Each structure stands twice: as C-alpha cells, then as structure tokens.
Amino acid sequence: MQDFVYERPQTMAQAVALLRRGDARVLAGGTDLIAQMREGRRSVGCIVDIKRIGELTGILPLPEGGVAIGAAVTAATVSRSSPIAANFPAVARAARLIGGVQVQNRASLGGNICNAAPSADAVPALVCHAAEARIAGPTGTRQLPLETLFIGPGKTTIERGELLVSIVLPPPSARSAVAYLRFTPRREMDIAIAGAGTYLRLDQGGVIAEARVTLASVGPTPMRAPLAEQRLVGERPTRALLAEVGRCAARDARPISDTRGSADYRRSLIAVLTMRALGDCCGQLGMDLEASSK
Amino acid sequence: MNTLITCTVNGEERTALADTRDTLLELLRDRLGLTGAKEGCGNGNCGTCTVLIDGAAVCSCLMLAQEAPGHDILTIEGLAKADTLHPIQQAIVESGGTQCGFCTPGIVLSAKALLDANALPTDAEIRHAIAGNLCRCTGYGKIVEAIHSAATTLAGR
Amino acid sequence: MAPKPSSAYQIVGKRLPRVDAKERVTGQALYPADLTIPGMVHAKLLRSPHAHARIRSIDVARAQALKGVLAVVTAADFPELPVGATIPMGETGYDMWMIAAVNLARGKVHWVGQPVAGVAAVDVHVAEAALALIEVDYEPLPAVLDIAAAMDPVAPVLHEHVFTKGVEPRPRAPSNVGSRTVIARGNVARALEGAAARQRIRVEVDTAHQGYLEPQAVVAQVDANGFATVWASTQAQFTAELMIARMLGMAQSRLKVVPLEIGGGFGGKIAIHGEAVAVRLAQKCGRPVKLTLTREEVLQGGSGPPAGALIDVAVAADDGGRLVAIEGTYCMDAGGLPGLSPSLLMQASAALYQTPNLHLQGYDVVTNKPRTEAYRGPGGIQAAFAMEQAMDALCQRLDLDPLEFRKRNAAVTGSTMPIGTPFPSIGLTTILQCVGEHPCWTDPLTQGRLPRGRGLALGYWRGTSMTSAGHITITGDGRPMVTMGAIDLSGTRTTMAQVVAEEFGVPISDIHISTGDTKSVGYSDGAAGSRVARTMTAALIEASRDALAQLAGRAAEKLQCRAEDLSYARGVFRSRQIGGPAISLAELMQATLTDGAVVGRGVSTKLPLGVEIGAHVCDVEVDTATGQVTVLRYTAFQDVGLALNPAAVEGQIEGSVVQGLGWALTEGFDYGPDGRLRNASLLDYRMPTALDVPKIECVIVETPVPNVPYGVRGVGEVPIVPPAACVANAIARATGVRLTRMPMTPERVLSALEALARP
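Residue numbers (my numbering), protein chains in the order written: chain A, 1 to 294; chain B, 295 to 451; chain C, 452 to 1210.
Derived by calculation from the structure, the hints in this document are not laboratory data.
None of these values were measured; they are calculated from a predicted model.
Possibly wrong hints are sitting among the right ones.
Covered stretches of chain A (chain C as the covering partner; in silico rule of three or more C-beta atoms under 8 Å from a C-beta of chain C) [stated by the list, open to error]: (1) 178-187; (2) 247-261; (3) 266-280.
Take a look, some chain C residues computed to stay more than 12 Å from chain B by CB distance [to be verified]: (4) Arg557; (5) Ser684; (6) Glu1008.
Which chain B residues face chain C? A few, computed with CB under 7 Å, are given here [unchecked claim]: (7) Thr300; (8) Gly334; (9) Asn339; (10) Ala350; (11) Asp366; (12) Ile370; (13) Glu371; (14) Gln393; (15) Thr398; (16) Ala425; (17) Gly433; (18) Tyr434; (19) Gly435.
Backbone N, C-alpha and C fix where the C-beta goes; we use that ideal spot for every residue, glycine too.
Let the sequences and hints guide you as you build the complete structure.
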C-alpha cells in the first residue's frame, strides 16, 4: 500500500480545504476505500476522515416531514433509525443488505453512494424516494437529485474540493410505497447480481399516478427504467401488468456479463425482481392483486 | 512513515509506534501483540478479524489504526476475566462449536455484540449476526446452539 | 481385540469437550502467522502473471539493491530435481519435481500465480516494493484452460516429457494426458446394450477450493550451526520436512518442522507452499523469515485447489431393478503439473453397488491452472455427483423408489469391490435400513409456494492407514504425558487423550497431550485420508501398555511381589493377595523418580482399513424464477465403527456436509480466457455463511471394524462426498431438471429450467 497523510478535520470548511488536493480521498467507513487501497486499485496521498464533523454524522428530521441523513452515518444506524423506519422502511431494509453486520457497523450511506458501484444496495431505494444529494464545496453548497450524481462505475459528479454532506429525503406522499429487492447467490455477504427498486403512488381511485423503477447492477450506474415506469402510469396494478412491467424493465436494463452473472441472466432477474418489488409495493398499499386480477 | 497511536484496548490505554498505513488489525497483532484477531482475507469478507469498537462488531482489517484513538476496543483477549471464561466462550467449549479455531475469536465477539443488544435471539437472528463470520469446519450448527445456550445462561443471571 | 459397543468403555465414546478448546475461545491458540521472533523479517513471493510462458531470464539486481531488502531467491538458488524424484506418502508418494515447481517455477510457468521469486525485507511494504523491481522476461505461450481443450490432439502441449502412462503401445508424441487408469470386469458394452433400462449422464465440475480460513503461513529460522527450524501450518510435519529437505538439498537431520495450530487444511496443507523458500531466504540473510500468503494469493495460484472434472457415467439395470452394468470415464484436471491418480475416486464412485459388469477409466489431464491437490475425499465429490445422479435417474426410468433400488443393489460384507477383492465388514444395509425408518425419509415433503423435492445419495470413501507413532512419558506425579506424531485437524488431541485415559483408567484431565515436532516424536504420516484417529489409537494403546508394563515392573519391586501377581485399575497397582499392598501411579513415580524415565512407545503400521460409508437425504426448494435453491432439511447417516467422541464425529459430519453444499451450489473457480481467476476473493468465491445452510442432522451408525482398536472407522472424508449429488437429485425431483454442471449456481439452474421449458 502506498503511504499517505491522514487528516481528521473537525469542520466542513477544513474538510473542503483538504479535499482540494488531487490525491485526497474521503474516508468514512472505509469498507470500500481501505480494501481498494490495499489491492492497489486506488492510489491515495491524503485521507480525509470526516467522522468528526457534526453535520455529517446525524439523522436530522426536516420541518416539512422529510429527513436529512448525514453522509457519514453508518448503514447500521440508518437501519435502526426510527424516523427512517417509520417513513422510509425500504431504505432501512436496504441498509441491512450492505455486507454483514461488521460492515454495516462501519460502512456509511455516503460511502455507499460515492463509491458509485452500479450494485450499491442503498441507492435504488433512495432514488425511488426522490432523494437529493447535498454537496458542499469551496463556494458553498449545492443540492441535486441523487440519480444525477452517477456518471460511471466509481465515478460521480462530485468534484475535487467537494464533499457529500447529506442525503435529503422528501416526505413520502400519501398512498405511496417503495420496495427494493436484490438477488445474490448467498443470503448476505454478497453483491447484487441485479436489484430493482420500485415506487408507486396511487390516486384516490387506485390508479397509478406516479411510478419510479430504479435498477442496480445492470448498467454502468444505478439507472431508472423508463419503459417500465411509462407502462405503469395510468394503470391499475394487476399480476399481469406487473409481469409485463418486469419485462419492460428487463428491456431498459443495459447489463454486462462478468464473473457474477451473464447479461442474459441479469435481464431475467430484473424482470422477476421488478415484478416482485412492485408486488411488495402493492402489498404495502393494501391492494389485493389476486382480486384485482380477476 | 511512522506514527504514535494511543488508544484504549481491553480497558487499558496502549501506545504504539505504528506505520501510518497500518490497519487496526495490524496495530493489534503486530504492534500490541494481540494476535487473537486473525487475518483470513484482509477485505472484510470473512470476519476472522472481528473486534468490538464501542460495543459494535467491526472488521479490524477495514479500519485504519489511525482511526482508533477515542474508541473503546475489545479484542478476544479482553473477554475472559482471569480464569473465568465468558458464558459465550464457555458454551462454545461445551457444545463443540470450535474446531480449527481460526474463526472462533471473531465468532465469540460477534455473538457478544448480539447478546448485548438482544438477550434472547431467535435462530434466524443468531445466524444473521454471525453471517459475516465464515466458519469452514463446524457447519455452524454447534455454534448457533452455543449462542442460544449462552443467551440462556446470561439471561438467568 | 474384539470390538465392544461404546457403552463398554468409561471415557472412549463419551461426548467430551475438546481438551484444547479454551485456548481457541480465548485467542491464545498459536498459528504461524501469530509468531514473532526477535530479528524477524518478512518475505513476499513474486508470482507469474501468465498462464503459460517460458521464462527467458530473471533479473533481481534492482530488487536486491532496494534499501531494506535482505535477500532475493529464484529457482537458481535451489538444486534442480529430476522428474519422478519421489518421496514416500501414501500409495503413490510425492513427485519432488512437481513440489519444487509448485514452490518456485523453473524454466516455464504453467499457471497464473505460480511463484517465480522470493524476497525477504525489513517489512512487508519494502518486500512488496521489491517484487515490482524484479524483471522477468517471459515468452508467453498459448494456454490450455479446460479438460476437453487439453485432451484435443492438436492442443498446445504443456510438458514435453509427458507421454501418457497406462497406454499400450507407449504413445510416440507427448500430450496433456499424464496417465490412463482402467478398472474392469465382465462385458459392459454387451450388458448396457441388453439391459431393460439404462441411464447415461455427463457432468462437468468446476475447480473449487478447500477454503481453509487460515492462509498458508510459515516462520523459518536458521541457527548459527546451520540447523533450520520451521514453524508451519501443516497437516503433515514429516512430509513437510522431507519436502523442504529435498528442495534445498539439505540433510533431514539439519532441519525440524514444528507444527503450530492449523487453521483448517482439508487436504490443501499436506504439500508445502513457500516453506522451503522461507528457509532459503533465512539462510541467505541470516535472519528469521516470516512468509504469510494473502487470501488473493491463496486463491490465485498460491495453493493447490481440488480438481475440476469431466465425468461420463452409464448405468443399466434389468427389469427387476438389479444393476447389470456400470461404466465410467473420469477426466480429472490436475492443473499445471501431471501426476493426479484417479484410481481411488473411480473405485469410490462405484464401490457401494454390486454389478457383474464394470468398466471404469480415468485420465490425469494437465491444464494451465494451479496444480490441484487433495480436498477431503479427493475426487469423491465429483465422481458421486455423476454416479449418484445416474443411479437416481435410472430409478426414475424404472419408476423405482431410490432407497429400495439401493437396498436391492447394495454392496455387503464379502461382496466384490471394484478392484476385485471382497469387501471387509461394511454396514451399508444397516444404514439404508436406518434411512427408511427415519422421519427425514418417512415424513411427507412439506409444501411451499415453490416446488420442493427430496433427494437421496450415497457416499463411499476408502481412506488409508499408513504409519502413526507416539510415546507416553510418565510424569513425576504419575500422569501420562502423550507426545504424538499426529497434527490435530479434527479433535485428535481430545480423542487420543480419551484413548490414553481409558487405557490408564484415569480421568481425561490427568492426560497431557501434544503434537510432536519432527525431532521429538517418531515418523508419522500426515493428517489425511481419514487415518489419524484409527491408527493413532492403535499406536497409543501400544504405548500405554508399554508404559504400564514398565510401571508394573517398578510396582512389583516396591510391593515386593511378582509383576504377574499385580492387578492394575484406575491408576493403582495392587497385589492380588487378599488385603495385599497397593501403590498409586503418583506414589510409584515419586518413589522411583531417580530410577529414570518411564517412556512407553507405540507405532501403528498397516492397520486394516476402516472404509467410510454414508447416506444423505435432503429436501430443497427451487425458486424457478431466479434459479435459487434453498436447502430446507439435511440429514446425514454415517457408519463410524465406533464414535470415539460423538460430538467430534458430528462436528466432522456437519462441517463436511456444509462444505459439500458450498461446492454444490455456489463455490466454483471462474477462469477468464487469460487463465486468471476472476473470483479470487471470499466475496466472489462464495462459501456458505450461517444463513445459507440449515442445521445438519447426523445419524451415527456403529458397525465396528474387526482387528482395529475399538472398531473405529474413518470419519472425516466421506460426509463431503454425497451432498452435491443429494442436492442435484432433490432438484431433479422438484423440477424435473438434471443439473450436470457444478456448482449448481442459480444462473445454471435457471438456464437448465429454461432449456427444459423450450419446445
């Protein structure tokens, strides 16, 4: 491992200043970064440990009902947080999928995002909740939709001298639900071969007014599935519809073949996972698919 | 580069000269002589390096030594009191839950973190709590049995 | 000795905790990576980036010049060993040319990760930096990565000296087939053709890994007189000593191997992986050297994985459901160097069935992958995956219950084994009876949302005996102090302490037991082949009786009677006269301490075999949309002769089954076209976690082996043999699909289901 300087700033301003170094990297949980450095996949000259910065380590309920999750908050904390469990249960469940207990106790939500793996388990549920990313930089902060942050495997739009501060989740709408399902050969301690997050909002008549489908591990970044989403809006959920939407999502997917799975297998999984995640949403919304399918 | 690191391990304040690149696992094993935590993979995938940081199970191979100051670190060496084994250790001895022993320190500590938070866990909760600790010898059955038995012992106190 | 049931014994056969459990749960157990010696430096190995290449030259000058580097070695620092330079081990021995090449390549590299040089430096970081400065000039050659490609007559040849053995006339050209082995009787072709029902199956098994959690580690020190001490993680300290001595051209008397705790071996730590290199580095730099492999090195060519296989089996029965023929072709992937003998696995796969016609042929095939080594019942898993599926499919064809089919065709004591000799005492019939009466077989399959099925598969492993030695010194307070030549892989210290305690009639807490290094105990073969418990029991009974005879002589003198007039029980010698005097071992040793040591010696060689037989039953559920298989229930029946310690026996069975389930479902090496392993991590090489397996239920059957102390059979290997076939049979019953590729990953299961659904 290449040698580096270790810094532990106490304030955002100090952190942002340190991050202007081209070879500086943010350290939160370290579960991705330290492994990458050891394997020589990432060369780092300066480590900026952000865990002593107050704004980054708390879960803050927002006045209008949403919540801001500090970028350095651990997956374990997210999974156990009562405001998150109450309003964003899919996010809590997704946080429980990252590695095993030991990894969840260290890995941060911000790290899961900034590592920008197409398989990041926390991301689809957050995107389905229309999460936004708050980013601090030398000239102030900016906020943008989380899904626009990713530009390729390991790459985000966060620039040198910038730092992800928090993930802002707007309050969930009435008659809406989010679910995230992934597929791994082992039950835990594994990376998603494919994952699907789904969001449904129904109007008062039980018709789908809004839908989001976010796919993991089937493209260079976590990705929305436009064909699937379009097919949902304006419809009443039935088993047949969900199966068809699953097939649409499989068409939206842009998977590659690698050691974890072939492109074809990933497409098959996307169809199933999307269908099942939508079924989960319908269940949360109290809809009886068997009855509505008749 | 070398750096001095002071941290609390098993209730004692310890200071060591470490390489700036050392992980917590290397600090414990190579600088402090606490070799109970093992390196099975160095990547957080096997759990043999598990220690408790402020009561939470973590992979010490995925944490820098320089992150240690300010935390309370418990390693397997700090669990038994003099000659008295912790009930989890005792239960693993009695149930046959250790074979080659390489995973055992990590499993004991993962189990401790579980039972500290959840006094009478279900089978599924136990298996979830140790899913980050691979064991290649026992097939897990006798370990799960031992953790149940330790939970009963601890709850009866 | 006539075997008695376990109830006849006081300590043997009891469920006792391990005598070495406390050091394990407290972190005190010492493995080589835990050892630090004053002045110790650190070694790293440079490994081949190519699957197949000629080494034109190696220039170590720049590495040597780096500050902090103390020594650099390549194959040029070792004597060149000829092909076929064997050392004794089991039936075939070890080819030292092969072992040397596994440790350091000479002239050519045959797989990615094969070591080409070693460096010792003040710390690991400097050693790593030095590796980058070693300049190796490679001439890359075309690589052959799978069995079928390697057997193609036009394939690039890996070794110019390999002419297939066992083929007449001797081939004129070299090839990638090291040997052909045939076992045959009757006329299989005619029997297959005339049979009422036949079934053929062809399976492909990916290379996997033993998955021991402790990566290989060694510390080597050479003293001022040139005597070397090697602290190793090994299953076989004497074999390691021989290998190191031969590789270095060193006299065996100039070296000792001290086995420390071993963090799992499963066959993968019999051969050496860097130990001799560490010694050479220590000699060169005059400092103790530690070499610890990383997990990536272990997986990426730094250790010997078990063999992949391509196996073709045909079985046939008459209309009464009686087997008439078994035919099998077993092509085994030896990896980059030849010398894998398929004979045992061929026999094992057919051993449990009586058939008049049998034709088995095996091939030892080289490919540009790591040289394979043993894994718990080596080859048995792969062969059973084919044979037990073929038998199950034949039952489906005959519409016959698979248990009933096994009962009709089961080998029995005295029936003919594949090699043509009669079976020694076996309890297969009893096991099958037990299966038929057990709820795991009689309970109806519980129904779920997804399809479920129940599978049955048998397993056989022969094991071996070879040599075990130990001695017992009586301490000043009259207690037996046992030094044995066996490594403790499976609770050996505990079971052997039980044996000695039983012999002496004293509590197990009175026994001090340890594994000897190669200069403190007599030659013993390694902990492999399910041999240790049986043979070490025999050796230590002999040693106990030798010590007791010596003690009886002293006691007779003290009690002033003839030795034959003494009785001995529970640690006390007593004159047989009514009201006669008595003396305890403690009193006797206190009284005679200065008369010299009492040392009882025991050696066991050529003990009769204790063949291992098991039958497994499992229930699985298959998610037909994702291909995921969930094992819901698993029961393993095994004949162990006599369980020296039932808890230890269950531990062996439960662990073995879970390893078997790992290879069955998720564990397989995935090689890229460049011969590089793509899943060289414990994230992507997926060994089962606690969440992936159910509780394994064990049913222990005891049919003692005659002429073996306590009638003990081997235990540790056979329970890994049936799981993959058992799961495959359950999947077939659940879905109608036969899985012929192992591991049966979700993707492969789904793809097989889709193929079945296609018109």
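Cross-check of the supplied hints:
1. 178-187: Answer holds; 4 residues pass the 8 Å Cβ test.
2. 247-261: holds (count 4)
3. 266-280: holds (count 3)
4. Arg557: holds, 30 Å
5. Ser684: Given a closest Cβ separation of 10 Å, the condition is violated.
6. Glu1008: holds, 40 Å
7. Thr300: Since chain C brings no Cβ nearer than about 22 Å to B/Thr300, farther than 7 Å, the hint is violated.
8. Gly334: holds, 4 Å
9. Asn339: Check passed: Cβ of B/Asn339 comes within 4 Å of chain C, closer than 7 Å.
10. Ala350: This hint is violated: B/Ala350 lies away from chain C, its Cβ roughly 19 Å from the closest one there, beyond 7 Å.
11. Asp366: Cβ of B/Asp366 sits 18 Å from chain C, so the hint is violated.
12. Ile370: holds, 4 Å
13. Glu371: Holds: closest Cβ of chain C sits about 5 Å from B/Glu371, inside 7 Å.
14. Gln393: holds, 6 Å
15. Thr398: With a closest approach of 5 Å, the B/Thr398 hint holds.
16. Ala425: Holds - the Cβ of B/Ala425 comes within 7 Å of chain C, reaching about 4 Å at its closest.
17. Gly433: holds, 3 Å
18. Tyr434: This hint holds: B/Tyr434 lies near chain C, its Cβ roughly 4 Å from the closest one there, short of 7 Å.
19. Gly435: holds, 5 Å
When each numbered hint is compared with the structure, violations occur for hints 5, 7, 10, 11.
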